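Asker: Using the hints, put the two standalone chains together into the complex.
One-letter residues, chain by chain:
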Amino acid sequence: MSNLGLTAMTKLEVIVQGEDLAAVTDVLDLAGARGYTLLSGVSGLGHGGFHQGSLYFNDRDGLHLVLVVVPEETAVPVIEAVRKLLETRPGVLFASTTYVSRPEYFR
Amino acid sequence: MTTLSTSTLRIDVATAARVIAPLWPLENVIAVNPLLSSLDLPFHHAIGAASTWLAARGYPDAAIVQRSLELGQMSRVDLEVAAASLGTTAEVLDQPRARVAPRRLRGAAERADALAGTALAPAVDAVVAWWCAQLVGSASFHTPNRGIWRSFTTLAPHDRATRKLVGRKSSLWAALAPDPEHSLVLLVERLGLEDTTILDELTGQLARLPGWSGFARYCSEWRPADATGPSITLTELLAIRLCLEVGALEAAGLLGTGFNRLMEPPVRDLAGEVALVALERGYRRQLLAKLDGSVSSTHGVAAQVVCCIDVRSEGLRRHLEDIGPYATVGAAGFFGFPFNLTHAGAAEPYPSAPVLLNPAITLAETAEAPRTLRAPGPQRATVAASVETTTHHPAAMFPAAQVAGWWLGPLALLRSAAPSLLPPTASNHGGTLDLGVLSDEEQAAIVEGALRSMSLTDSFAPLVVVLGHGSSSVANAHGTSLDCGACGGHPGAPNARALVAAANNPAVRVLLSARGVVIPPTTLFVAGIHDTTTDVVTLFTEGDLGAHHHAVETLRQDLLTAGAANAAERSHAFSSGLDPRARSRDWAEPCPEWGLVGNASFIIGPRSMTQGVNLERRAFLHSYDPELDPSGSILETILTAPVVVAQWINAQYYFSTTDPELFGAGDKTLHNPIANVGVLEGVGGDLKVGLPRQSLFEGDVAIHTPQRLLCVIEAPEERIDAVIARNPILRQLFDGGWVHLTARTSPQERFKHRIAPTRWVDDPDLPENAAPLPATDPTNP
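Going down the list, the sequences are from chains Z and P.
Read in numbering that gives the first Met the number 0, the first sequence has 58 at position 59, and its numbers run on one by one without any break.
Read in numbering that gives the first Met the number 0, the second sequence has 717 at position 718, and its numbers run on one by one without any break.
Just chain P, with the same shape it has in the complex (with noise of 0.2 Å):
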């Protein structure tokens, strides 16, 4: 028996809480690396050590192996080259690959499980989830005045499941406190668990339930401190998940029985990181081959376009770029300019940034509507709000179908039968925003802030569009994960008009001159919006456009030109050749678009790196001149932000793929939505993490290529170098292999590797250049 604060045990809870990733809800989907909290660990080390609780697959398949050998994406070459890099020979991928099992067992009922032979942990699991759907699920149970431990202690004795796992007459829901915290220390004593093992039962019980766990630590660590709507915290998923675990082993009369033991070893699964090196091998050959730095100039462009990093911007870039005299920037899609936003008619506001930006100013939408007619406006979307909120509200849902399907019931007939019929469907692209809590200084400062980061500071073209991203389709769950990850998984458009009204203030302009930025007063910057699913682009254009009528409406009927080469382009990868704009109003459609498949490299530096090289869309473009930063401090900016979040990306997708059943959210056509936070698969268990597995997989085939991120870097080695010295997130993912590193000083260099620390080579693949890896995993005693 120990003496517990409800102090040391929320440590103890944030320390367990690190064996799984935060999840965040469906109305924000973001890209989340599944390993997040072990970016500590070198990349080998974490998938060993995700086998201790979570059995992970980390590493692609023989099927993954065979595909990208039949698309050309590796060679047999490449094979043999990762074998000797990891001191075997490519025959090692012929040998039987086993799944790995959890190298612990997770919790008291599932020791008590190994011991008697019963089957209370799955027991436990389902009441646990289904409490947990309840709960979260119900707005009447997150009130603040009544708050989720108390709805479970008031509710659960009478349920007939849960008394049938507790017994009917247990003595526990007596002795529970008031609160979690002090309920959680009280079931914590009552387990009998020394002060040592707190920490691994903790870790085992929140591992058994990945999704529910994963939302949890974002609702604890995350979610912003005044949001409101559906929420549970770790301390009280634990304590609902300990009450019913403890009620369970007491009525089975087996409450301090069993052991926990370490299973054997994991056994390390060379063939997987022989396939994984040979595809990262075989991409970053052909990939550096294009690059051949060939120079492009800004003189006689008509517009700049800056279009957001995420790899969907490559292929309309670069269709954009074959058209006419424009040149493309490529910058993270919240353009500097992060804020809260509050829609016109919404009640909150939600945060239009990165994950990792606390913004600091909330900006309203004024109520008046964008003048163009694919773009819905502020109006539109209060009508949408409403009808959503009165057809999923259990009081008015029934009444509001018997009035409204009516004429709702031609439409979905419509939309089954022949959605190729109906208007394209579009998102909320919002409308004008005030930006008067702004000051013209704190203006200028942004859009220069801005401007620098994706070096845009001289020679502007007389238009600069700024193009945010977002998607559009129906019925679907995982629709935001689909938007802008920059912007916080919603669409980019606002950020886009932002920036724009700053940049077109004239004292802004003004000021930015005072600062070294000048841009000419005959350069108008105009906001719009790429719809990543349809590649239809939108421009937000207001009142009397003078001189520049002809330029804007020329580039208006080039974009909708190189989306539409785009879109036939992408048609191609999928097997049926649907039109991507059709899927995008299909209500059938598990896969409206392939989202950010395939992504493989992040390329930071001149446009003239890649122009006019198809990247196939695997590539996250970010804009760098190496000549506008001395100090480096540009670079960091890049490498401590965008990059960061691109692998959070790549891990999303690598992993999901790699093990769709553990990291991916499953089937989505058996998808039920539980109150907007996440999915179940069909009615019951734990909530879904990742991404449904048509987003990546066609049938059987993994249509994504699971590799790490190559990030190619035009810069001086000993800049790079400085940067990753002193941040040690960096110095995480590129010293720990999460992120590969490659990089020349000038087109004229040959590209070199970054093997170690200020250790740069020309051929990785010498097996004296390989990642060292010790015979056994110093993350598994």
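Same shape as in the complex, but just chain Z (with noise of 0.2 Å):
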């Protein structure tokens, strides 16, 4: 992709339920993440079972998807944080290299 003008960075999705939301985007705040998406009323099937998407009257039990592009050095201490989360809370993380045309709207 490179010979296209575009830069690698490293895109991190992660799913987690409400009430994990804030840690989350602190932790991207904390390692220099310029931006993010928030993505609520995740459904799906996990290996605890189904969760139903968007709720009619709750935004705070469903899950969401946080989807956020970094470059490598910010993405180390995000995945660190949020490995760590995973090891007590339900979600998941997905780490993958992705390109941008703006590479200095994500530095």
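It cannot be assumed that every hint is accurate.
Incomplete in silico selection of chain P near chain Z, CB under 8 Å [said to hold, decoys possible]:
| hint | residue |
| --- | --- |
| 1 | Thr14 |
| 2 | Leu355 |
| 3 | Val643 |
| 4 | Thr741 |
| 5 | Ser745 |
| 6 | Pro746 |
| 7 | Arg749 |
Please keep in mind that the hints were generated in silico from the structure rather than gathered at the bench.
A quick note: this is a predicted structure, and the numbers were derived from the prediction, not measured.
Note that beta-carbon positions come from the ideal geometry of N, C-alpha and C, so glycine has one too.
Answerer: And the structure:
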């Protein structure tokens, strides 16, 4: 992709319960992430059973997806922290390489 | 020694905070399950886990058992059956029950104390609590430019009590970072903790002051991001606490001493379990016998009155239905219309919605005053807010007292000597709301969702009244705990007004017809408020009522009559027999009303299940017609929101009664409010959590009967199981034994009891149907 003028970055996708969302976004702030995307009402099947998505009158007890793209050096402390969270709390973490057109937006 | 990052330590902080529940500020007190973060454990295990750090008493004591027997809430047979189901006999109740102690030493100072015989930990507690009260309680310390941490590190080195604790020449101050996050890393490293012990250390530190820790958890996890005013984060609190603790240990030469140890395993409180199961059996037995399922009809109904599910609505509904041709409906008191509300004259909005919801819209109140004598309008509320601001500002309170004391003095005298001569105290019921931010389509979607959630989609009466509720009392720091929980600890009048305004919008009705909800043009929606302290009901009517004038006036009178009957019934719940209406005006009255005392069940079904039955204001009532909900989506909405909030309320009342010292707010007569955040009991110590003693007890007698919520549903078992299976929060509540579940498919069927996923039985009290309890608690290694 670099021949297209794109820059490699690390994309992290974190799914956690609403109760843990503040800790994850705080971690992103502390690590220096310049921004992130939140998606509430995530549904799906985990090893603990099915998780209903958007509930009509309850934003808190559903799952949330946090999507963030950061340089690798920023991703390292985030991954360490989220892995620590997932030792005791339900959720998943996906990390992958992605490419961005405006790297200065993410540094 | 360990290498830490601020990010990983933030996770430890969040995990440690699960030892306590968030504590909402006084401006919107929310009932919270004190063991909220243990919902992933079965109920009995969660109580065992709470003993590790908090030493919680989690079961009814002998006095509660005795009172319940005397009141006929349960019988000796209930006790014997309960004991047999748990493999013991009722004689177990005669054995002494010891107070449990924390099983872990909580923090470095407590470990050093255990070794050296010092008393550093309580000394640190006192200074931390004092600093929290100063920093959080003083507006000048929580401005964005200054911050709690900077204020603390600037002022603390010069404070006498702090210097006494950490020494006059402590090197600690110079070592601290400018921000609390990096300072906390430094302090943890200075304690010399291994990676594996950091979480225990932080948990213990937070457990020593559950009140301030709970408020910090609220600020870190629940507080709206754009909120202003007093706050302290978990990281700030822990940085302050560890700073003082490390300083104290260094000054005493005890840093790095002590050892953590696990005390003896907690003794299972079998007598408590028997008492609890017997209370629940007695209640269930008597309740289900009353629900005979007589059929009611909407034919000839003059008005449908929608009330909040709150247990306090039950009495009013019963009395109103006795008086005339009225049908009542139960729904969560925000009436499916969540929003942020900006009162006229107010600087910033507040969420008028359940705390589980993040409202997407903000509605503003217009300055028009409602046409009612009893409801104070926005102008009066604005003046009242100005007076409060002036009399509470440090620079203005004394001049204000000098100026205003001349005319407020006689009023104070009258309020002390003859409060019944004063006019009723009333909350701000607000004015007309501007729904202009919502399109007709959006309003129609909200009204449809609200009406479908309460199964009110046809057979509309000429008058549909939507009644919010609030409370009125004076000199009551916990006054908002008596307001509507579904409105985030605020009166529900604005939400009632909003729904009514949308439902009366002709364009909305056209859209609703296309969606299958046909409201006749002859039907008028009217908003109102039920004051649960005085039982006075006020209807907000504006403009010419035309053909509805007579019906509205008749209903207005009948609501006042029903309210008076309910107030008279409630007055018997006080040993003094004092009129509840007088209590609302008396500023020496520590118990203006009993709130949700006695709450025990949540009934989901048509009103015909409960109509004509005296449920003694102990049941949340949510209307539900299983015929209208083949997919179970409406049931899912009810179970995942109103039942969740009701369980919080139930658990708050439960644990504030079983352990008033730990989970209760103490003696109301000693309360000292801190900046609208919380109360101290006296002049110092931790912020108090839970409900005041006078809200639950009369003297030493517990008026509330602590028992887990019993959910009674009229719906097919398969539908209920399917809804539970796809929602983790419901699996926790029902499979974990936090809420009991009983259901019947139709009035012709017998009730069955769910004892495990998809397992329904006729008799849950048979030993083979009792919830299995392991001999050892897996949460306490």
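Asker: Work down the list of hints and note, for each, if the structure agrees.
Answerer: Hints, verified against the model:
| no. | hint | in the structure |
| --- | --- | --- |
| 1 | Thr14 | holds (6 Å) |
| 2 | Leu355 | holds (4 Å) |
| 3 | Val643 | holds (7 Å) |
| 4 | Thr741 | violated (23 Å) |
| 5 | Ser745 | violated (26 Å) |
| 6 | Pro746 | violated (27 Å) |
| 7 | Arg749 | violated (30 Å) |
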